[in-house]
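2 protein chains.
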Amino acid sequence: MRLSQAFQPTLKEVPAEAQIMSHRLMLRAGLIRQTASGIYTWLPAGLRVLRNIAQIVREEQDGVGAQEVLMPTLQSAELWKRSGRYDAYGPEMLRIQDRQKRELLYGPTNEEVVTDLFGSTVKSYRELPKTLYHIQWKFRDEIRPRFGVMRGREFYMKDAYSFDASYEGAVSSYYRMMLSYLRIFRRLGIKAVPTAADTGPIGGDLSHEFQVLAPTGESEVFYDSRWDEIDWDKEDLDGNRPEDLKKLQDLVSTTYSATDEKHDTAAWEQVPQERQASGRGIEVGHIFYFGTKYTEAMGVEVSGADGAAFHPHMGSYGVGVSRLVGAIIEASHDDNGIIWPESIAPYRAAILNLRSGDDTCDALCERFYQCAPDDILYDDRSERAGVKFNDADLLGHPWQIIIGPRGAKNGMVELKERATGERFELSVDEALKKLGLA
Amino acid sequence: MRLSQAFQPTLKEVPAEAQIMSHRLMLRAGLIRQTASGIYTWLPAGLRVLRNIAQIVREEQDGVGAQEVLMPTLQSAELWKRSGRYDAYGPEMLRIQDRQKRELLYGPTNEEVVTDLFGSTVKSYRELPKTLYHIQWKFRDEIRPRFGVMRGREFYMKDAYSFDASYEGAVSSYYRMMLSYLRIFRRLGIKAVPTAADTGPIGGDLSHEFQVLAPTGESEVFYDSRWDEIDWDKEDLDGNRPEDLKKLQDLVSTTYSATDEKHDTAAWEQVPQERQASGRGIEVGHIFYFGTKYTEAMGVEVSGADGAAFHPHMGSYGVGVSRLVGAIIEASHDDNGIIWPESIAPYRAAILNLRSGDDTCDALCERFYQCAPDDILYDDRSERAGVKFNDADLLGHPWQIIIGPRGAKNGMVELKERATGERFELSVDEALKKLGLA
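Heads up: the protein sequence lines correspond to chains Z and D, in order. Following this note's numbering, the numbering of the first sequence begins with 1456 at its first residue and continues without gaps. Following this note's numbering, the numbering of the second sequence begins with 1456 at its first residue and continues without gaps.
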């Protein structure tokens, strides 16, 4: 995309209510604009990031056998009356009446819809296990929306739901999903640590939150640094092999992690000192086993091997896709702007033409641009070099391809790696090769 | 995907309220399930079609320089009061009150939001023209939702909005968008004809609907068969060249098409008899120039070359993405089920293993399946051959790869092309080649 034509409005002055860094940077860099309290329009660069994250989530969910559906945003209140949650759910639920005076609601979560869908389609234990997921807009009527997309009202979320014939099966589904989540966060280029969470009346230990480590996180996280070191892509764990899931389960139970709320100093002291790590955490995911709570309440049964009907065991698994955009910026920025991990950057590189209009510069820029016009933002504006440097740093492209008249004449360009600030003076061919464009 | 594991529930008996063929087939084939009146969940196969259509629309919108954003589903009533439409819009608008008693609504269309967004970001004529689009869920509270996704309440739609400095610029944007639409429908594998539509108080001739030709269409369409013949991908028309847009404009004005409402028998008789074609049409798109209606009402101005502020000219351009799924089925099915155009089929092929459990059959099926597991539905169930034939015809995969014990022993498979019913007895290598898998 050529910046002279792009809908890529940056902001000089940020509204005072944008208190945290990610909110300020998302407004300044032109990723989002607010349209109503806690409700945002995603501008092209922001939407690209949102879609890149969603696609990684999708691939890793598919990778463990979860199947994608799409449930609607509006739900019938009827279903929530069947589960008993309609009256229990507080004022965060947006309740709606249609022209026929029927009660609808904007889904804040989808246990009811998916349980009903499952009940109307799956009849036999032979069809289990099944895990369904979708990536859909949801609404929670926060009393005080703030922090931009981190605590908005309309938000984009991946939620998955597993159905199993037994508790043991549900435990496998749970750890299969944990494996998927660990791979998702690894691919997103951020550090995320699973920490034990409340299980409430369900009991047991099958509830974990995933904390992205960032200085502005809402809770303190204590963890064994092995969590940082394991490359879940390279780990040879197959979500379809029960023994691999058992291995993961053992690893989770023997590798310390906890938020301050649940911190256990005695267990912590067992972690070798050189592996004791800590940081602030932003919750971006939650996985949870809740047994037969909804299948019982909603009367959903399937027939077992012995012919007798039973209520399947369920778990639910969420990732805050729009929240992640904010969380990743909190985890990855500096004073000059955003530093995107390569896997989700809106553009892999920016070309900074330091003298637009100069034939040599223009031709060389064009040569780079044509290698990947969808994946490069070409700053072809007739602005001063300083403006271009600042905007590229603000937008946070992993690479800047800096082309000025002196270098261009000699067939040289400068590459700057945003994350490290490192600069490389290279010939055109070397630069193309380094960027993977040749 | 292996059918034994897929969430792919077919239905034997279809609810009586499903009157039209596409609705019946979408339920029977397991593409959608209703969750509330006029509100549907998209099951995996249906979602794949929906996403394939959206992706083609996206590529062709990007192809003419439109830029993708994502506006929220919920909008502030405030914006609609500024445009004057809040009270004028009828009971099809779903009006909502949040916990703070602020008025929201579920967007039925986005002129207000996009005009406000434009006004807050674009300040100078130098930034024009600009066309923004998004693909988002919308809601219209139909009094009598019916025909499945063809007239649902929550529906998925691409809507684009152009902003130009002058009427002449707006005409270019209009025909650029028409070119994009003609390419979209061509790639979707359906016949679609643009027909002149009402322009209301705006006047002029810049309003066209796009009619998919299908026997169950709501209106009669009379058209010059040149509309069927032109391959818009091959036509060397560049949306950035004004002379090409003029060529398209001339072509539109000299190539007859009209719905019965606007049929002009005198003009019709000028069309050579061998080119007089007609059929029933389902409206799936609408493009419309409406001038400065919203920019004036909402006080949106940009500064001109002479320094004076002016109201940009706008047009809006819609494609009913979820509606298209139904419309395409109406246009492309037979007594046995759906016939998907290749470009949007949920799976390109099905493998029918006529003897699951037989080593030779299983191995050969596996060989085909591993070539493209994401794009092939492998019927590995232990069902009778007849059941597999019926389900494959119902689901409408462009190709069936039929593997039985006798052929398999001799390294032969049968390919069936769904659209023509043609069958090919081929060696494994020939079959792989014909399917583009080798």
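Since the hints were derived computationally from the structure, they do not count as laboratory data. All values derive from a computational prediction rather than experimental measurement. One thing to keep in mind: the hints can contain errors.
Same chains, same label: a pair holds when it works inside one copy or across any pair of copies.
Listed below are the simulated PhoX-like cross-link pairs for lysine-lysine, each with C-alpha atoms no more than 25 Å apart in a straight line [stated by the list, open to error]: (1) Lys1888 <-> Lys1702; (2) Lys1536 <-> Lys1578; (3) Lys1646 <-> Lys1689; (4) Lys1578 <-> Lys1467; (5) Lys1646 <-> Lys1556; (6) Lys1585 <-> Lys1467; (7) Lys1585 <-> Lys1701; (8) Lys1717 <-> Lys1702; (9) Lys1593 <-> Lys1578; (10) Lys1467 <-> Lys1701; (11) Lys1888 <-> Lys1748.
The hints, checked one at a time:
In this homomeric assembly, Lys1888 and Lys1702 never come within 25 Å of each other (Cα to Cα): the closest approach is 40 Å inside a single copy and 43 Å across copies. Taking CA atoms no more than 25 Å apart as the test, Lys1536 paired with Lys1578 passes inside one copy only; the shortest distance there is 23 Å, against 50 Å between copies. For the homomeric pair Lys1646 and Lys1689, the shortest alpha-carbon distance inside one copy (16 Å) is at most 25 Å, but the shortest distance between copies (48 Å) is not. Proximity of Lys1578 and Lys1467 under a CA criterion of 25 Å is satisfied inter-copy only: 14 Å between copies versus 58 Å inside one chain copy.
With identical chains, the CA atoms of Lys1646 and Lys1556 are never at most 25 Å apart, being 48 Å at best within one copy and 40 Å at best between copies. Within a single copy, Lys1585 and Lys1467 get their C-alpha atoms only as close as 49 Å, which misses the 25 Å cut-off; across copies the closest is 22 Å, which meets it. For the identical chains of this complex, Lys1585 and Lys1701 are intra-copy neighbours only, at 19 Å inside a copy versus 55 Å across copies, given an alpha-carbon limit of 25 Å. For the identical chains of this complex, Lys1717 and Lys1702 are intra-copy neighbours only, at 24 Å inside a copy versus 71 Å across copies, given an alpha-carbon limit of 25 Å.
When the C-alpha separation of Lys1593 and Lys1578 is checked against a cutoff of 25 Å, the pair qualifies neither within a copy, at 29 Å, nor between copies, at 33 Å. With identical chains, the CA atoms of Lys1467 and Lys1701 are never at most 25 Å apart, being 52 Å at best within one copy and 40 Å at best between copies. Taking identical chains as interchangeable, the C-alpha atoms of Lys1888 and Lys1748 are never at most 25 Å apart, the minima being 56 Å within one chain and 51 Å between chains.
When the structure is compared with the earlier hints, violations turn up for hints 1, 5, 9, 10 and 11 and for no others.
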